[in-house]
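Undergrad: What follows is the residue order along each chain.
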Amino acid sequence: MEPTTTSSSIDTVATTTDTTTIDANISDETISDEAKSLHELAITGSWKTILEKVSTARSLSLLRYPHEHLVYLAFNAVALSKLRRYSEALDDIESSLEDLNSSCYRYESYPHVYPNKCGSMIPFSLRWLHALLPSFLNRRSESVDRLYLLLNFVRSRIDEGFNREVWIRRESFVVSTIISQHSSQKEFVVCFDLINEMLRKDVDNLILLSKLGYVQLQFGDLDGAKSSFQRVEDVAKKNGDEGLSVEVLNLMGRNKALIFMVAKDYVSAIRQYDECIERDESDVVSINNKALCLMYLRDLSDSIKVLENSLERVPTVALNETLVVNLCSMYELAYVNHTDIKKTLSNWIARLAPDDFDPSCTRI
Amino acid sequence: MSGTNTAAQANHSLAFRVMRLCRPSLQVDTPFSLIPLISSLAKMIPLSSILFLPILLPLMAISLSALASFSLILPMLLDSLASSAIYLGETFCSYISINNSSGYEVRDVVIKAEIQTERQRILLLDTSKSPVDTIRAGGRYDFIVEHDVKELGAHTLVCSALYNDGDADRKYLPQFFKFIVANPLSVRTKVRMVKDLTFLEACIENHTKSNLFMDQVEFQPAQHWGATVLSADTSLAEKNITSDKEIFKPPILIKAGGGIHNFLYQLKVSSQESTQTRTEGSNILGKLQITWRTNLGEPGRLQTQNILGSPAPRKEIDLQVVKIPPAIFLHKPFEVQLSLTNQTERALGHLRFGFLVIPMGRGRSWLMASRLWLCQRFGLPVPLI
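Line order of the protein sequences matches chains A and B.
So the first sequence is numbered by the working numbering: it starts at -6 and just counts up by one.
So the second sequence is numbered by the working numbering: it starts at 61 and just counts up by one.
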């Protein structure tokens, strides 16, 4: 799991200021300083503060324009979701928006406010949350339906031709969400099909190719996974071995390590992960997986050290639920009285973790 | 925590901790690590401000790379694994750690680990020949054991330690970890004979909670038999758009909880003597060997029992028409030459010939078919043609 508050890793996205709508910017008069600060709070993960600000703005009727309500709604829903208050988030969205396609959410309906603007005011994140949230409330099939509808919506925007790059990014994002849904239900063949579909449009996408390999690993097709990872290398090295970015080198390194792990060659896997960590000391995935390999080599003490070290050295990236779950499993194995050491960890986490960290992962 | 005997452990300096080391699972991305920031916010911030640029893009970039991250998660401890099934054909691999939680050093530790089932005890580890000299206070001794699971039902992993504690008393600590082995698959076979070809249809049903990737399903024929697998043509061509795209190879995956997959084999007798072996009554066709994989390639392997061919109704008498005239005329006698072979090992007698003529239609060619009945001892007519 990746934390929200770090610098970028693979920047495969072109820089653009394009937005959800067809037309460009609103005039500066509609800018609100509050909205800008909400944005900054989101970057730092201060979701509780965002909730307070939105609540104040709403109760004092500070919001003047239709689109402002929607933007505040979006921030509110995102914050609630990050704090795992899913039903409140969905209620807020569903009570405020009856029909996402209704004309009352389009700029054309308010020509006196937005002259010469057309398009939908609904922020994309709202559409996405509206589709995804039911799955957290035991309404999974509703989510899957809404996500596929959202995918259709995004694809029709791509066909229209405006802001293509933005909509293509969003298409990839929605497909990833759909894949997560299917993956959690172990519907791996569907995931496989979806990734292949995306690969047809973007045949050299290293991340998609790697992802294909992971899905193949999850259902046990080792040869298939090997060939997918080989494709990643072939595509990456198409223009020679030089000039490959650290992210790409680490991606390939981690893929190689997984194949070693699957073949139970943990020593070679650790070597790969060490190379990755040397290139990028914030590569949490390599750190986490290296610790697991040490365990499979009967070296429980070192595996614990690797994880504890990472929490000290690079806490912002290392502090994620997966790593903590693994560390706690190791504590339970290593110590008969593991409650004490888990409590120490838990207290340390409580001091440093952002609002959205799920403390139940320590299993205390 | 242990499987049992928590009260007894209170007197012990040592304790066993056990974790089943099946393959780790891949963390599925939770979507909320990937939330794209509200891009419409771009409308609210002047272009001159560069604040929002780094936010939007890194988050989207992270979302793409997070998809590639897939961290691994360890399996849970054995005693919380009661609900997680271990299946026949898999390998039980376990990390066992013996901890000294007392304040005193412990000496001369003889450690044993064995699996007990209804039928047998299998020793996995025994350090009696070279006991562990010492485990210091707060220290640990770790080992990993592996065992191919070949029996169904209740299994107990018994870990025991014989040691000298801080007071130089010789103590014995046994700990028990129970798990149940279930059947992952069931195989139903049907044997059909078409002329002299035998077809074996095997239906594999998956009883586990995960999809099974069929690595290999091989029919190993018995002596004198040869087998070829028959599979449907997969039209791969229509999946490709251009010729240099990766060929989509659909895996053979049997769905969890009741999914099935059918396999078809064509069996042929591979030697002349086989007809004799068939009449001897042994009709063992062979065995099915199945190898599957689950998460991260965790392998499993099973073999079926001998698959028997269907008892073919053995013809004791074989009748062949050697010569029959192409046209037969009314009121004119005609000659039919027949060959009768006794295919049993005993003499058959009391043969009676009957000749039954069945008219097939009106007109000139009304004698088109006839039946020859061979009546054996008990008078039951057996149609031969």
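If you are wondering where the hints come from, they were derived from the structure by calculation, not from laboratory data.
Being a predicted model, the structure only gives us computed values, none of them experimental.
For each residue, glycine too, the CB sits at the ideal point set by N, CA and C.
Possibly wrong hints are sitting among the right ones.
[Unchecked claim] Residues from chain B that face chain A, not an exhaustive set, calculated with beta carbons under 7 Å:
| id | residue |
| --- | --- |
| 1 | Arg80 |
| 2 | Pro84 |
| 3 | Ser157 |
| 4 | Ser161 |
| 5 | Tyr164 |
| 6 | Gly198 |
| 7 | Asp202 |
| 8 | Val205 |
| 9 | Val209 |
| 10 | Gly213 |
| 11 | Asn271 |
| 12 | Ile312 |
| 13 | Asn355 |
| 14 | Arg361 |
| 15 | Leu362 |
Undergrad: Each hint needs a verdict: does it hold in this structure or not?
TA: Against the structure, the hints:
Interface hint status for arginine 80 (chain B): violated, as the beta-carbon distance to the closest one in chain A is roughly 11 Å, over 7 Å. For the restraint placing proline 84 (chain B) at the interface with chain A, the shortest Cβ-Cβ distance is roughly 6 Å, inside the 7 Å limit, so the hint holds. For serine 157 (chain B), the interface hint holds, the least distance from its beta-carbon to any beta-carbon of chain A being 6 Å, beneath 7 Å. Given hint, serine 161 (chain B) at the interface with chain A, holds; its Cβ is 4 Å from that chain's nearest Cβ, closer than 7 Å.
Using the Cβ-Cβ criterion of 7 Å, the hint placing tyrosine 164 (chain B) at the interface with chain A is not satisfied: the shortest such distance is roughly 15 Å. The interface hint given for glycine 198 (chain B) is violated, since its Cβ lies 9 Å from the closest Cβ of chain A, which is over the 7 Å cut-off. Nearest Cβ of chain A to the Cβ of aspartate 202 (chain B): about 5 Å, under the 7 Å cut. The hint holds. The restraint placing valine 205 (chain B) at the interface with chain A is violated, with a minimum CB-CB distance near 11 Å, outside the 7 Å limit.
Because the beta carbon of valine 209 (chain B) sits about 18 Å from the nearest beta carbon in chain A, more than 7 Å, this interface hint is broken. Interface hint status for glycine 213 (chain B): violated, as the beta-carbon distance to the closest one in chain A is roughly 26 Å, over 7 Å. Interface restraint check for asparagine 271 (chain B): the shortest CB-CB distance to chain A comes to about 5 Å, inside 7 Å, so the restraint holds. Because the smallest distance between the Cβ of isoleucine 312 (chain B) and any Cβ of chain A comes to about 9 Å, over 7 Å, the interface hint for this residue is violated.
Look at asparagine 355 (chain B): its Cβ gets to within about 6 Å of chain A, closer than 7 Å, so that hint holds up. Checking arginine 361 (chain B) against chain A: minimum C-beta separation of about 13 Å lies over 7 Å; hint violated. Interface restraint check: leucine 362 (chain B) against chain A, minimum CB-CB distance 15 Å, threshold 7 Å, status violated.
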